[in-house]
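Residue numbers (this note's numbering), protein chains in the order written: chain A, 1 to 362; chain B, 1 to 362.
For the record, the hints were derived by calculation from the structure and aren't laboratory data. Careful, some of the hints might be misleading.
Heads up, the list lumps identical chains together, so a pair's fine if it works in one copy or across two of them.
As the list claims (entries may be wrong) - Listed next, the in silico BS3-like pairs over lysine-lysine satisfying Cα-Cα at most 25 Å (straight line):
#, residue 1, residue 2
1, K195, K360
2, K328, K271
3, K31, K59
2 protein chains.
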Amino acid sequence: MAKIIDPWGTTLIEDYSKLIKDFHLETFNPKIFPNPNRLMRRGVVFSGIGLKEISDAIKNKKSFYVLSGIVPSGNKIHFGNKMVVEMISYFQKQGAETYILVADLEAEAARGISLEEGRKRALKFHIPAYIALGLDPKKTIFYFQSDNIDVMHAAYKYSKKITEAQFKALYGSATPSKIFSALTQVGDILYPQFKKRMPGIIPVGVDQCPHILLTRDIVNRIRKEKFFLPSATFHKYTPSLNGHFKMSKSMPESLIELPEDPKIACRKIKKAVTGGRDTLEEHRKYGAIIEKDMVFELMKQHLIEDDNELNHIYKEYKSGRMTSGELKEIACKKITVFMINLEKKIKKARQNVNKLKFIKRG
Amino acid sequence: MAKIIDPWGTTLIEDYSKLIKDFHLETFNPKIFPNPNRLMRRGVVFSGIGLKEISDAIKNKKSFYVLSGIVPSGNKIHFGNKMVVEMISYFQKQGAETYILVADLEAEAARGISLEEGRKRALKFHIPAYIALGLDPKKTIFYFQSDNIDVMHAAYKYSKKITEAQFKALYGSATPSKIFSALTQVGDILYPQFKKRMPGIIPVGVDQCPHILLTRDIVNRIRKEKFFLPSATFHKYTPSLNGHFKMSKSMPESLIELPEDPKIACRKIKKAVTGGRDTLEEHRKYGAIIEKDMVFELMKQHLIEDDNELNHIYKEYKSGRMTSGELKEIACKKITVFMINLEKKIKKARQNVNKLKFIKRG
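Working from the sequences, and respecting the hints, build out all of it.
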């Protein structure tokens with residue numbers, strides 16, 4: 001059971017390189033992609049599967065797609081969603097056909113959010129937030145899971161292609177709701193290929209890895225249908241501010257949601273676990289322990305675009321010339337600008353949701 | 001595991017009264033229904049669940065529904081389907097709103113029959129055969145499972161309402177394909193109540209009992225939605241001509257399909273296991289062992305409508321005045337007339353399929 005990653009659950013992934021080994025994943029090499037983005041350059045995207053197919057498609061200007069789903073629960077998203085959008089945006093710029101689905105069936109079954117309510121929330125918040133974070137809506141095809149009868153047919157059909165034991169090997173257990181959710185996601189992942197077979201890439205947090213592996217398993221079992229095996233990039237979690245492994249709603253101080261009032265975000269940053277030393281004297285002498293610093297990690301992953309700027313801060317902080325208090329000041333300024341801009345962009349995107357291209361029911 | 005009935009499988013049910021006890025079913029009492037049909041009068045429908053609700057709805061002229069599904073595989077149906085149609089027809093005459101669904105998703109996943117092919121077969125054969133057997137098409141609403149997005153939504157939603165252990169307790173195992181099939185059937189069974197809550201009855205062979213129990217379980221877990229618990233009648237298997245418990249395609253001599261060339265049907269009847277004695281002398285002296293006689297059972301269940309006629313044959317055969325050869329002659333004549341009529345009626349019904357009322361996709 002040690003090899004199970006649970007997409008719905010609580011499993012902690014302590015060691016990313018062990019994960020790569022256990023699941024036979026590929027180590028991510030940013031050099032095979034043109035103009036890698038911040039997440040790719042900085043090792044936040046640390047792994048993937050089928051990456052060469054996508055790199056080749058980009059190089060040879062062949063059709064490929066990028067796809068992701070939004071679960072329309074709550075009225076906030078998180079930094080994990082931001083990473084997904086940044087990866088979508090990257091591949092979108094490289095020419096990928098882009099699909100965003102709203103997993104309203106999942107939200108209804110798992111969270112009790114009615115389909116109507118899920119639709120409302122997605123249009124009011126989640127889709128505008130994705131656009132605010134960099135998704136190009138003009139180049140994106142959207143659909144609601146509950147409208148996509150082809151995906152539902154596919155899920156039912158693929159259910160025959162996997163045994164209970166195979167499902168358990170991937171997911172740890174085989175509850176009816178996991179089976180519906182996972183197989184519907186397989187349908188979603190392959191959906192862009194229903195009309196035209198082509199490579200596709202699914203950028204996900206590593207906890208979603210089982211869905212990618214399940215889809216690849218099923219594609220291998222229906223070879224005569226000639227689907228391309230879906231590729232994926234896997235990114236790390238955004239570290240929790242209180243030093244826990246992953247931000248979690250159960251620990252509000254660990255978590256900055258999107259959007260969040262900049263004052264609250266700054267307050268949380270000020271309380272965050274850093275790599276600063278116990279006294280100023282020691283700090284100046286030994287410098288910060290950057291690997292333990294949640295604020296630096298947050299800036300690296302999300303708040304500082306320019307590599308030179310980040311390198312400069314790294315050196316100053318590592319050497320002890322910059323204190324953790326000064327680092328937090330910088331982070332607070334950055335996140336304030338980011339949150340103000342995000343709110344503005346969400347509002348603007350919301351005004352244009354009626355222009356989006358949705359696949360119709362049926 | 002002794003308590004499992006497998007709707008997809010091979011379980012034999014040796015003792016119907018034990019089944020009633022194990023599953024807390026009701027013994028069927030034909031007296032609570034007006035003008036019970038042949039199957040109800042003769043104990044072929046031997047059990048049910050929630051029967052009083054339906055009997056009350058009939059008496060009080062309240063809305064209720066009857067529903068069944070057709071799996072459009074093969075180009076034959078069997079006596080089990082005939083019993084279902086006769087029960088539907090009975091409740092239809094008592095005022096039930098009638099729903100027939102074509103389980104094309106099931107046929108695709110389980111039998112590899114494409115949705116297009118399933119649709120074609122259902123329109124060309126299965127639906128006309130149901131009409132030929134007594135279904136009133138003018139009073140029936142039809143749908144293809146693959147068109148019914150509401151049923152698919154419901155299946156997904158209900159998947160959260162049942163655990164793996166509960167599913168296994170009903171079905172013996174919890175494979176992904178069983179889970180999709182069973183939960184989609186739950187959606188089908190409740191579908192007529194989506195717009196209007198009302199009692200409903202599902203006439204099934206006893207092997208389908210787990211679907212009824214699962215649906216009732218789920219209705220109990222979503223009480224605030226106020227669905228009526230679906231009711232059911234359970235009928236026995238039509239005995240296999242070679243003395244096995246159930247007709248089976250794996251033993252062609254055991255099985256008369258519908259329709260079948262009357263000559264072949266008669267040949268099978270002539271080879272059938274009877275309750276006749278080893279010699280004519282013994283037969284005249286001791287009479288037939290009717291409980292072991294597959295031909296008499298076939299006539300009782302399907303070929304003789306008039307109770308007086310059946311009683312007369314029973315007495316003659318039981319007393320030894322009628323031989324098993326003579327009994328087979330009667331059965332052969334009856335089945336010949338039946339098959340010729342059936343073929344005619346199917347042809348006629350096929351010409352009118354374009355007039356049927358189908359629920360549209362979406």
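Here is how each hint holds up against the structure:
For the identical chains of this complex, K195 and K360 are neighbours both inside a copy (15 Å) and across copies (23 Å), given an alpha-carbon limit of 25 Å. Taking the shortest alpha-carbon separations for K328 and K271, only the intra-copy value of 9 Å comes in at or below 25 Å, while the best inter-copy value is 92 Å. For the homomeric pair K31 and K59, the shortest alpha-carbon distance inside one copy (13 Å) is at most 25 Å, but the shortest distance between copies (78 Å) is not.
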